Structure formats: C-alpha cells, structure tokens
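Peer 1: These are the residues of each chain, in order.
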Amino acid sequence: MIDRLRRILRVARWETARAGGGVDRRTLLAALALLSVAGVVLGGGLAAGVVGIDVDRDVYRVGVDPGSPYADAVEAEPSLTPVSADRATLGETADLVVLDAERGGADREVAVIASDTRKGEAAAAEFRAAVEAHNERLMATEENATAAFPVTVSLRYASRTTPLDDGATLGGADGGGGGGGSSGGSDGDEATGDGSGEGGDTGDTGGTGTRDSTGTGDSAGQEDSGLAVPSIGGGAFGAGTVGTPGAIAPPFPFASLLLAFAFLVPMNFLIQAYGSSVLDERTNRRGEPLLVTPLSPAEIVAGKTLPYVAAAVLVTAAIAVAVGGGVLSVVAVLPIAATFLAATFVGAMFARSFKELTFVTVGVSVFLTTYAFVPAIFTNVTPVALVSPLTLVVFDLQDEAVSLGEALFSTTPMALGAALLYGLGIGVYREEDLFTQKPVARKFLDALAVRLSAVEPDSLGAIASRDRLRPLASVALLTACTIPFVFVAELLAVAVLFALPVTVSIPVLLVVIAFIEELAKSVHLYAGFERGVFARTDRVAVAVGLASGAGFFLAEKATAVVQAVGLTELYVGRAAFGSVAGVEGLPVGVLVALLFAPLLLHGVATTVAAMGASRGRTRYALALALAALIHAAYNFAVVSVHG
Amino acid sequence: MGSADSRLTIAGRELAGLRAEKTILLAVAIQLFIAAFSSFLVVGLVSMYDPGALDGAEVEVAAAGDAVTDLERAADEVSGASVTRYENAGAARLAFERNAADAVVIATRDDGGGVDVHVTAPDTTVETTVIVVQLRDLLRTYEVNERAQRAEFLTESPLPLPDRTGSSPYFTFTYTVLIPVLVFLPVFISGSLVVDSITEEIDRGTLELLRVAPVTLGEIVDGKALAAVSIAPGQALLWLLLLRANGTPVANVPAILVLMTALTTLVVALAVAISALAPDRRAAQFLYSIGVLVLFGGATAMAGGPANAVARLAIDSADAATTALVVAYVAIAAVAYVGVRRLVAENGFEG
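Protein sequence lines correspond, in order, to chains A and B.
In case it helps, the UniProt record's numbering puts the first sequence at residues 1 to 643.
In case it helps, the UniProt record's numbering puts the second sequence at residues 1 to 351.
Calculated directly from the structure, the hints in this document are not laboratory data.
All values derive from a computational prediction rather than experimental measurement.
Ideal placement from N, C-alpha and C gives every residue a C-beta, glycine not left out.
Treat each hint with caution, since some may be false.
Over the 12 Å line for every Cβ pair with chain A, so calculated as not near, a few chain B residues [as the list claims (entries may be wrong)]:
hint, residue
1, Leu-210
2, Ala-213
3, Pro-233
4, Gly-234
5, Leu-257
6, Gly-339
7, Leu-343
Chain A regions said to be covered by chain B (calculated; three or more residues, Cβ under 8 Å) [said to hold, decoys possible]:
hint, stretch
8, 68-80
9, 124-137
10, 352-358
Construct the entire structure; sequences and hints are all you get.
Peer 2: Take a look at the structure:
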C-alpha cells in the first residue's frame with residue numbers, strides 16, 4: 001500500500017515537472033501582460049465612462065420630441081435611443097413614438113404609440129421602466145423628501161411558526177397552489193391544512209428565522225455581507241431616501257451565485273492543461289516507456305491526475321478565502337473538479353487529435369458548468385437545487401446551515417460519476433488503445449468490453465454454479481453503473497423539452513427516456529458481442545439481456561429509495577423518474593405487481609435489444625428502437641393509470 | 001498557378017480531418033445545448049419574476065394600520081395583488097400564520113406626514129420571489145398615489161407613466177444575449193481549431209514534411225485559416241435560420257454574417273500568432289483562451305462592442321453607425337490577418 005502510494009507520488013512529481021515545462025515562464029509572462037493590458041484598457045474606459053456591460057444598448061428606438069421631458073428619460077436609459085419625433089416613422093426608424101401633450105400646468109398626459117410587433121411591446125415596457133426610473137431620479141432631487149417619497153418600506157422575511165405548512169396560498173381563493181409551470185411541487189395541498197396558530201403572538205413575529213432588510217443603497221453601515229437580500233435594485237436612488245417601494249428586491253442570491261461561479265472559472269484552464277497532458281502521452285507513443293514500467297495503469301493515471309487535483313484544491317481554497325467561503329465550499333467544489341477532470345480524462349483517452357480534444361474539452365466545460373450552475377440559481381426556491389454541489393457553496397456563502405444529509409445528497413452522485421468515468425477511461429489505458437487512432441465510438445465500446453467477462457453458451461448449462469454466474473453479475477453491475485448518467489441524461493431531456501407545450505413534451509419525453517434507458521442497458525451488451533466477449537447465440541443474448549435488465553431494475557430501485565429519503569418532490573415530474581410517489585393506499589397485490597412490473601419490462605425490453613445486438617449493428621439499431629417503443633408504451637400506460 | 005490551389009488543398013485537408021472525426025457535429029451539439037439550456041433558464045426565471053407568467057396568480061395581502069384605505073385603493077389599480085383589511089396588526093399576522101394571507105402589510109402614518117409600511121413576507125418558499133415582486137408593484141402604485149396627494153409640496157411633478165403593456169423579458173434576452181452568444185461561439189471554436197491544427201503539426205513533426213512540399217509557410221497558414229474561417233458563418237446561419245423558424249425574426253442576416261466572419265478572421269489571426277509564439281499546445285491554448293477572453297471581454301464592455309452590434313442588427317435597430325462598425329471590424333480583421341501572416345511567413349514557427 002505504502003509502496004503503491006510512493007509510486008503514485010513519483011509519477012505525480014514527474015508530471016508536475018513536465019507540466020511546468022509546458023506552461024513556461026514566458027507563457028505566464030505573456031498571459032500576465034495580456035491581462036494587465038486588459039486591466040489598463042478597462043480601467044481607462046471606466047474612467048472615461050465609455051465602459052459598461054450594456055448588451056442591450058440602443059436596441060429600441062423611441063421617437064420623442066427633443067424638447068419634451070420624456071427625452072431626458074429616454075436619454076438616461078441605455079437600451080433606448082431617441083429619434084427626433086418629427087423624423088420618426090413608426091416601424092421603420094422608430095419602434096415607439098411618444099406623444100406628449102402638455103395641457104398647461106401639471107396636467108400633463110402622455111400617449112404612446114408602439115409598432116404592432118413584439119418589439120414594439122418590448123420597447124413600450126422598457127419606456128415605462130425608463131420613465132419610472134426618471135421619476136425616481138427627479139424625486140431624489142426634491143427638497144421635501146417626505147412629499148417626494150411619502151412611503152417608507154421595511155421588508156422582513158419571517159418563517160411561519162408552524163413548520164408543517166410552509167406553502168403559501170398563492171392565488172388563495174381560487175383553489176390554492178400557484179399553478180404555473182415550474183413552481184409546482186411543494187406548494188398546493190399542504191396549504192389547505194390549517195396552521196393551528198400556536199405561535200400567534202401579537203407584536204413581533206421576530207426571534208428566530210427573521211431577517212431584516214431595509215433595502216436601501218446608502219446604508220453602508222447595515223450592509224452586511226451575509227444578507228440574503230442584496231440591494232441591487234436600490235443603489236440608483238439618491239441618499240436619504242430610506243426604503244422606498246422601488247428599492248425592495250426579491251430574495252435572489254445574486255451576489256452569492258456570482259461568487260459561486262468564480263469557483264468554476266479556473267476549472268476550464270485546469271482541464272485544458274490536463275487534457276493536453278493526457279493526450280501528449282498518446283501522441284508519438286510518448287507514454288510507452290511509462291507503460292512498460294511495473295506501474296499499473298491505475299497508478300499511472302492516479303499519479304498524472306494528482307497534481308491537477310492538488311491544483312484544484314489549492315485554487316478552490318484560495319477562492320474560498322477570497323470570497324468568504326468556508327471548508328464546506330471547498331468540499332462541495334471538489335466533486336465538481338473531480339468530474340471536470342474525469343470527463344476530460346475520458347475525452348482525452350478517446351480523442352484522436354488535439355482538435356477533437358478541444359471540442360471534447362469545450363463540451364465538458366459547457367456541460368458541467370451548466371449542470372453545476374443552473375440548479376444553484378434555484379437555491380432558495382426548491383430542494384432540487386441540491387442536485388448541484390454548487391448549491392452548497394451558495395448556502396455556505398449565505399452563512400446558512402447545511403445538514404450532513406443535504407451535503408451527501410449533493411456531493412455523492414457527482415463524486416460517484418467521476419469515479420465511474422475514471423473506471424471507464426482506465427479500462428482503455430493500454431497499448432492497443434493508447435496509441436491507435438480509432439473512432440471515438442469504437443474506443444467507447446472497447447472501454448465497455450474491458451469490464452465484461454466472457455459468456456459462452458456451454459457455460460450457461462449449470463446456471464446454479466456460482467462461478468458461472470459471475471460474468472452475468474458483471475453485466476448487471478455495469479448496467480447499474482450507468483444509472484447516474486441515465487439520471488443526468490433524463491434530467492437534460494426534461495430541461496430541453498421544458499419549453500414545449502405539455503401535450504407535446506410528455507409523449508416525447510416518455511419516448512426519449514425509454515430510449516435513454518434502453519441504450520444504457522444494452523450498449524455494453526453490444527460491445528460484448530462486437531468484441532467477442534459474448535458468444536453470438538440466442539441463449540447468451542437472453543441471459544445477458546435478463547441480467548442487464550435485472551441490474552438496472554435493482555439500481556433504479558436503490559436510487560428510488562434514496563430519492564424517497566432525500567427528496568421526493570422532483571418537480572421534473574414523476575413521469576420521468578418512476579413511480580415512487582403516490583403508491584400509498586393501493587392494495588398489496590397491486591403494490592407487488594407494481595414493484596415487479598418494471599423488472600419484467602426491463603428484462604423483456606433488454607432481451608429484445610440483446611438479441612439484436614448479437615446480430616450486428618443494423619439489427620441492434622432496429623432492436624433498440626423496438627425495445628424503446630415497448631418501454632415507452634409501458635411508461636405511457638403507467639402514466640395514464642397514475643393519472 | 002498552384003498557389004491558390006495549394007491553399008485550397010490544405011484547407012480541404014483540414015476540413016476532411018474535421019469531417020472524419022465528426023467533431024463539427026459535437027460543436028453543433030454543444031451550441032444546441034447552450035441554446036436549449038439558456039432558453040430553459042430564461043423561461044424558468046421569467047415564470048418566477050414575471051407575475052403574468054403565473055396564470056392569474058394573485059398575492060393575498062393581510063393589511064392593517066391607519067393608512068390602509070389608500071392601500072386598498074392602490075390594490076384596485078394593480079392586477080397582481082388583493083388587500084384584505086384586518087382590525088389590527090395582530091389579526092393580520094395571525095392570518096399570515098394561518099396561511100390565509102401571503103404577506104402582511106402594516107401601513108401607519110408617521111408624524112412627518114409620510115407613511116411607514118412594514119412588510120412581512122414568507123421566508124424562502126417557492127413563491128417568495130413572486131410575492132415580493134407583486135408587493136413591490138402594489139407599493140409603487142401606492143407611492144405614486146400618495147405622492148400625487150402631496151403634489152403642492154413638490155417643485156417638479158413626476159412625469160405621468162404611459163399605460164402598462166404586457167411584454168416578455170424573454171424578447172430582449174433573445175436579441176441581446178442569446179443571438180450574440182450563438183453567433184460568437186463558432187468564432188471561438190474556429191480560433192481554437194487553428195491553434196490545435198498548428199501545434200499538432202509542430203508536435204508530430206508533420207509541418208516539416210509539409211515544408212518539403214512545394215508550398216510556402218504563408219500558404220500553409222492561409223489554407224488552415226481558410227478552413228477555419230469557412231466553417232464559422234455556416235454554423236451562425238444555421239442558428240439564425242433555426243430561430244427564424246421558431247418565430248424569432250432576425251433582421252440583417254448578411255450584415256451579421258459579415259461581422260462574424262470578420263471577427264473569426266481576427267480571432268484566427270490571434271490564434272496563428274499565438275501558436276507561432278508558443279508552439280506547445282498547452283501554452284498556446286492557455287494563451288489563446290486568455291487572449292480571447294481579454295479581446296471579447298474588452299470589446300463587449302466598450303461602446304459599440306461586437307455583441308451589441310449583433311444585437312442591434314438582429315433586432316433591426318441598426319443605423320449608419322452600426323454599418324460603419326461592421327466595415328471597421330472588417331478592416332481591422334484584414335489588417336490583423338495580413339500582418340500576422342507576413343510575420344509568420346518571414347519568421348516561421350518556433351520549435
């Protein structure tokens with residue numbers, strides 16, 4: 001064991017020395033020079049006032065009389081550009097024309113004609129917002145502050161004292177439950193259960209669980225960094241206007257999210273270096289000397305990866321110190337870093353050239369960044385956010401407590417995914433794959449086939465023998481290992497199909513999910529047949545098909561239990577992830593049938609796919625389609641029974 | 001003569017490599033993913049922030065205090081909130097505790113002639129955001145009414161607001177963020193391709209082989225650049241057509257394509273220059289990433305940056321200045337490429 005560690009460390013040292021040679025001092029100097037030039041330019045620009053990230057600068061043209069006070073409002077709003085009213089033609093040179101009729105004194109009226117397009121509507125909305133902002137500025141200069149801002153608001157968040165019913169009655173009288181799209185889930189039914197008002201203390205609801213927010217821009221003294229309500233909306237107004245209605249902002253963890261993103265940025269540079277290093281081994285057979293040493297592939301890979309993991313930890317810790325995160329932030333980012341590295345490793349093992357690697361790296365970083373970042377946006381909104389470990393970082397930055405269960409729920413799947421990806425990649429860390437130029441798909445099949453043991457028709461004779469069951473167990477295990485990736489793929493399918501109307505998205509979703517699962521259950525069987533690990537007979541096909549189906553069933557049930565424990569209300573829908581919820585109250589017989597119907601389904605469908613897989617590529621594709629259809633039909637039946 | 005031919009041959013060879021590896025498919029998949037996910041994100045966020053997106057959602061406000069009558073009047077003008085009056089603050093809070101109300105608003109007149117409003121909103125539930133947004137609307141209307149009553153104390157009266165119109169924030173997002181991102185992604189990919197292509201040839205020693213052939217170094221660079229630049233506008237066009245089919249009209253497509261091709265040329269020139277300076281792939285890609293980051297970050301932050309130019313072209317708000325900007329980018333790109341090519345042709349690649 002110690003020996004092994006020493007060997008890994010030796011490879012790690014060598015890798016560090018080599019990496020230092022790649023990115024040499026001159027490169028770093030050049031990078032620094034570039035960055036400092038950028039800094040100077042940006043600083044100069046800021047000073048000169050031409051810099052500002054207004055991507056929407058001047059996108060709407062407003063026809064307004066230059067003498068009108070509305071011209072000032074338009075001028076001050078970056079997204080609007082004024083066009084002289086008498087030269088403006090609606091729809092051609094202007095999207096909006098302001099007719100400002102002054103009828104003496106304060107009796108002013110304004111009419112707006114927008115072109116009859118979505119652009120016109122958007123321009124009208126922007127214009128209204130611009131006038132509102134203009135009025136706020138105008139009022140800020142008034143001497144009589146009470147008349148200018150007669151309403152002072154102090155906003156406070158309070159948890160209802162009864163923890164059971166924290167669902168609000170949005171839309172109360174008409175049936176409860178804010179019925180709109182993504183917000184379903186936790187609200188709704190509980191809201192009708194009464195709150196038993198045991199904490200109905202008059203006076204203040206204060207005490208635990210309340211946070212005060214005066215929501216102003218000027219109160220520098222009160223601005224404490226742990227506040228969940230950044231006063232981004234209020235900064236624009238003048239001093240002395242404490243808590244105007246315009247200044248209150250919803251509890252969006254904007255600042256924490258932005259800081260959490262900072263953790264992801266260095267990963268992109270890290271995986272570029274790491275991917276290059278792995279692929280470097282593979283070009284011109286450079287990795288051969290290392291391969292003939294007594295080191296095992298796993299040791300080589302571990303040694304090569306170690307410096308990058310160390311770098312990730314160091315960088316993450318540095319960022320955590322800089323942005324005020326704690327140990328939890330580092331612990332949460334670690335699985336993300338591991339997954340970045342693991343996916344890049346697999347990509348570099350499969351890629352044939354630097355070009356291909358670039359696409360893989362871009363793909364990995366885009367995919368993982370979204371996967372980590374997007375759920376974190378919903379941190380304060382829904383428990384689904386915990387799918388991403390970055391949510392823990394946001395919690396940590398907000399100084400909110402995180403339970404051990406939440407932390408594990410958030411980090412384990414990603415850590416597991418990283419480990420599985422390394423397992424996949426290390427399988428092909430051998431001479432015949434390292435130094436050859438095979439298409440990615442064939443390398444992938446190789447990597448899968450490595451993990452299988454031979455199944456011969458005669459070995460199935462005495463099924464009882466433990467030795468002979470072992471190959472089938474490896475089939476089932478490999479299938480079970482696909483679960484995390486199936487989960488991610490399904491989540492992705494849900495996300496992509498999210499915007500479609502429900503009548504279209506649900507059927508499409510059911511078919512897509514069936515396809516994903518069938519593919520996951522059978523692609524390694526295809527690899528086994530293609531690489532000659534399995535004998536091409538129907539008996540073998542049935543055996544491995546059933547084994548794979550059973551493996552998937554068991555793994556799915558295991559995750560279903562985890563889900564039921566961890567988070568039952570995946571808003572993405574019960575349609576997608578089996579039927580954990582809503583089975584209570586059914587008779588036992590039906591329950592047992594419901595429990596084993598999926599087993600039957602997985603077994604049958606995968607056997608169909610396996611029969612095809614044993615007959616070559618075209619047959620496999622056809623059989624896979626058939627299996628997916630069977631599966632989709634089953635899903636559809638379940639969904640319609642469940643209602 | 002063979003000069004143009006050999007460039008085309010090299011470009012063809014580059015493209016054949018891409019085709020064989022099917023990498024371009026992965027590139028398109030990545031872009032599709034970004035487009036789909038950003039749409040998902042925005043639709044999700046909009047449904048949280050735009051009360052209209054939540055069908056008929058109305059915030060129930062339990063109100064109390066001596067200024068509550070005016071608050072009720074304001075609620076009549078706002079569609080998203082309804083106010084129920086309670087006798088005192090305690091009763092209103094009780095209603096909140098019992099889930100009969102989403103929020104508590106206690107409005108009292110203070111000594112200075114203003115109104116003090118204490119708002120209690122539920123702590124971090126799914127609807128908190130919607131509730132707070134609706135409350136802000138209500139209170140702003142309330143503020144406008146109260147202000148109107150005090151008009152004689154003001155030296156300048158606020159401008160009357162135009163009528164409220166329904167509009168999706170998604171519209172602005174599509175043109176100012178989504179389209180620029182989709183148009184510029186192929187630009188970065190092309191530059192990265194050139195870095196890879198050149199450093200790989202140096203690494204494998206095949207660049208030396210090429211130089212034995214009757215082509216000059218300049219022609220090799222031309223061929224590689226040609227291949228990289230030629231694949232960019234097609235991808236952008238694909239996205240713009242897809243958006244158009246999806247009901248998002250995109251104006252000035254030719255001008256957008258010219259602009260993005262110019263930028264691709266500029267980035268490719270940068271890529272060639274970097275691979276000439278740092279022939280090791282790791283160093284080159286690192287420098288390239290930082291260079292592109294600096295270039296685009298800087299350009300986007302400037303007035304008239306490329307992202308804004310594309311947005312204005314696409315949304316059909318372009319003017320003479322935008323056209324001048326496109327011409328300027330073309331000129332800059334041409335100068336940069338010719339300059340880099342000359343440098344490389346004279347000095348060769350290192351390594």
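Peer 1: Can you name, in rising order, the numbers of the hints this structure does not satisfy?
Peer 2: none
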